[in-house]
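Novice: Sequence:
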Amino acid sequence: ISVNVSESFRSKGLGTSIIRIATHDFVSESGLKEILAYAKISNTVSAQAFQKAGYSAPRPARIWDNEAVVMSYSSRESEAEIHNAQDSSNRK
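Residue numbers for the sequence shown follow our numbering, so the first one is 1 and each next one is one higher.
Hints listed in this document are in silico derivations from the structure and should not be mistaken for laboratory results.
Keep in mind that the hints are not guaranteed to be accurate.
Straight-line Cα separation of at most 27 Å, DSSO-like style, residue types lysine-lysine; simulated pairs [as the list claims (entries may be wrong)]: (1) K52 <-> K40; (2) K12 <-> K40; (3) K52 <-> K12; (4) K33 <-> K52.
Model the full structure from these sequences, guided by the hints.
Specialist: Structure follows, in structure tokens:
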């Protein structure tokens, strides 16, 4: 997942909503039960957005020779949380 929110729309929770909705749609369509998301270790904002979107707390990882964090998502997230995210995005 790669999310880039225009500077004028940052700090409004849009990235989290985008991640949550995209994750739900992908899991629903693909049938996969788990997703792993990686972020640069220095990108704490991204890790926070993924956590707020229902991913696990970041754990240390390595991607090639780069230090990173990995977060996982399990399809146990409820439909109500997805609808709340969509409603929240529509109001912004």
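Novice: Are the Cα atoms of K12 and K40 separated by 27 Å or less?
Specialist: The hint holds at about 22 Å.
Novice: For the pair supplied as a hint, K33 and K52, is the alpha-carbon distance within the 27 Å limit?
Specialist: It holds: about 19 Å lies between the C-alpha atoms, which stays within 27 Å.
Novice: Please work out if K52 and K40 have their alpha carbons no farther apart than 27 Å.
Specialist: holds (17 Å)
Novice: Check whether the Cα positions of K52 and K12 lie no farther apart than 27 Å.
Specialist: Given pair K52, K12 holds - Cα atoms ~13 Å apart, limit 27 Å.
When the structure is compared with the earlier hints, no violation turns up for any of them.
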